[in-house]
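Participant: Numbering-wise (this note's numbering), the sequence shown opens with residue 1 and increments by one.
The set of hints was computed from the structure by calculation and includes no laboratory data.
A virtual CB, placed ideally from N, CA and C, is assigned to each residue, including glycine.
You may find that some hints are simply not true.
Taking lysine to any residue pairs in the SDA-like style, the calculated list, with each CA pair at most 20 Å apart, reads [unchecked claim]:
no.	residue 1	residue 2
1	Lys7	Lys195
2	Lys195	Lys34
3	Lys127	Tyr71
4	Lys7	Glu107
5	Lys34	Ser295
Computed Cβ-Cβ distance ranges for the label pairs, DEER-style [said to hold, decoys possible]:
no.	residue 1	residue 2	range
6	Lys161	Gly207	27 to 33 Å
7	Thr85	Glu152	38 to 44 Å
8	Gly78	Lys265	42 to 48 Å
9	Glu76	Gly172	36 to 42 Å
10	Asp6	Val42	24 to 30 Å
11	Arg146	Ile43	34 to 40 Å
12	Met16	Met54	23 to 29 Å
13	Glu179	His4	34 to 40 Å
14	His4	Ala229	32 to 38 Å
15	Pro38	Ala298	43 to 49 Å
16	Glu226	Glu153	21 to 27 Å
17	Gly94	Ile171	29 to 35 Å
18	Ala2	Glu226	45 to 51 Å
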Amino acid sequence: MALHLDKEQVRKHLRMEELIPAMEKALIDFSAGKVTQPVRLVITVDPPGGFFGMMPARTPDGLGIKLVTFYPKNAERGIPTHMATIFLADPETGAPLAVMDGTLITEMRTAAVSAAATKLLASSDAKILAILGSGVQARSHVEALRLVRRFEEVRVWSPTKAHAEQFAKQIGAKAMSAEDVVRGADVVVIATSSKTPVLCGTWLKGGCHVNAVGACRPDWRELDDEAMANVVFVDSREAAVKESGDVILSGTEIYAELGEALARKVPARANETTIFKSLGMAVEDIAAAMLVYRSATAQFREGRPP
Numbered sequence: 001m002a003l004h005l006d007k008e009q010v011r012k013h014l015r016m017e018e019l020i021p022a023m024e025k026a027l028i029d030f031s032a033g034k035v036t037q038p039v040r041l042v043i044t045v046d047p048p049g050g051f052f053g054m055m056p057a058r059t060p061d062g063l064g065i066k067l068v069t070f071y072p073k074n075a076e077r078g079i080p081t082h083m084a085t086i087f088l089a090d091p092e093t094g095a096p097l098a099v100m101d102g103t104l105i106t107e108m109r110t111a112a113v114s115a116a117a118t119k120l121l122a123s124s125d126a127k128i129l130a131i132l133g134s135g136v137q138a139r140s141h142v143e144a145l146r147l148v149r150r151f152e153e154v155r156v157w158s159p160t161k162a163h164a165e166q167f168a169k170q171i172g173a174k175a176m177s178a179e180d181v182v183r184g185a186d187v188v189v190i191a192t193s194s195k196t197p198v199l200c201g202t203w204l205k206g207g208c209h210v211n212a213v214g215a216c217r218p219d220w221r222e223l224d225d226e227a228m229a230n231v232v233f234v235d236s237r238e239a240a241v242k243e244s245g246d247v248i249l250s251g252t253e254i255y256a257e258l259g260e261a262l263a264r265k266v267p268a269r270a271n272e273t274t275i276f277k278s279l280g281m282a283v284e285d286i287a288a289a290m291l292v293y294r295s296a297t298a299q300f301r302e303g304r305p306p
């Protein structure tokens, strides 16, 4: 019988410390050609202006699909902009293994992938973290990146000043203007719902590292052309040239997939200014869901509820 796990049950079985190395392995497997994964299929739901995405993958660890919705206007309603469900199947028989909430997995695996990128590409003595955004991804990134670097200062900007100030207070950070947040920062996270650039390349400190996780549509952008003129890493080349407005509209040259650099197939170029453009992939979702599934079934075998 398939397991059914809600968000709180998923939370019990998913730890960021375990998720980061799992994401490194997933990215390496993907770039090594060990994963069958089409670019996500997205249906536009207009009105009201939402998106419905389907993300299947067969990986060395599992088989499954994530169904995800993205409704930007949900922020005005006080409900999540992203909601998701993940279905796992037995690769040997096709039998259902689990159905679980994928919203928390999406939130955590995105930050864990950025942490893997930061661990590889950011200066080892990075001290200042800049966060552009104040939503769930901003929060998750603070948690994940603090596991791979010891930051002495965290700065926050959000399009809504009150949100920035509230978020900054919660995490012990300083709320500033976007430019002041970025200037001099060693690591930058940009996680907004903006459709036009909010980060200027002229603000970036030489040798800093940027994790860009918003602007997931081919006509949306978070970074200007000057920012995208740096060394650009992506999770998937195929997806980036179809889905990323930052890549498509800037005409930038993609240097490498992150999995190639993690596997040491290309130099990391960590002494240069690096941009990791993250779109998110099904292989990440399946790897994270398998961590949850294994933990939950182990607990179930011990006679405890998952």
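Participant: With 36 to 42 Å as the target window, see if Glu76 and Gly172 comply at their CB atoms.
Facilitator: 28 Å, violated
Participant: Does the Cβ-Cβ separation between Pro38 and Ala298 fall within 43 to 49 Å?
Facilitator: Check failed, 32 Å falls outside 43 to 49 Å.
Participant: For the range 29 to 35 Å, tell me whether the beta carbons of Gly94 and Ile171 fit it or not.
Facilitator: 44 Å, violated
Participant: Indicate whether the distance between the beta carbons of Glu179 and His4 respects the range 34 to 40 Å.
Facilitator: Between Glu179 and His4, where Cβ atoms are some 47 Å apart, the hint is violated.
Participant: Next pair to validate is Lys7 with Lys195; report whether the Cα-Cα distance is within 20 Å.
Facilitator: The hint is violated at about 29 Å.
Participant: Could you check the hint for me, namely that Ala2 and Glu226 are 45 to 51 Å apart, CB to CB?
Facilitator: 49 Å, holds
Participant: For the pair we were handed, Lys34 and Ser295, check the Cα-Cα distance against 20 Å.
Facilitator: Distance of about 24 Å is beyond 20 Å: violated.
Participant: Look at the Cβ atoms of Arg146 and Ile43 and judge whether their distance stays inside 34 to 40 Å.
Facilitator: Given range 34 to 40 Å: holds, Cβ gap about 37 Å.
Participant: Against the range 24 to 30 Å, how does the distance between the Cβ atoms of Asp6 and Val42 compare: consistent or not?
Facilitator: Holds - the Cβ-Cβ distance for Asp6 and Val42, about 25 Å, lies within 24 to 30 Å.
Participant: Mind checking the alpha carbons of Lys7 and Glu107 for me, to see if they're no more than 20 Å apart?
Facilitator: Holds. Lys7 to Glu107 sits at ~12 Å (cutoff 20 Å).
Participant: Hey, Lys127 versus Tyr71, does the alpha-carbon distance stay inside 20 Å?
Facilitator: With a Cα-Cα distance of about 35 Å, the restraint between Lys127 and Tyr71 is violated, given a limit of 20 Å.
Participant: The hint says 42 to 48 Å between Gly78 and Lys265; measuring C-beta to C-beta, is that right?
Facilitator: With a Cβ separation near 45 Å, Gly78 and Lys265 satisfy 42 to 48 Å, so the hint holds.
Of the numbered hints listed earlier, those contradicted by the structure are 1, 2, 3, 5, 9, 13, 14, 15, 17.
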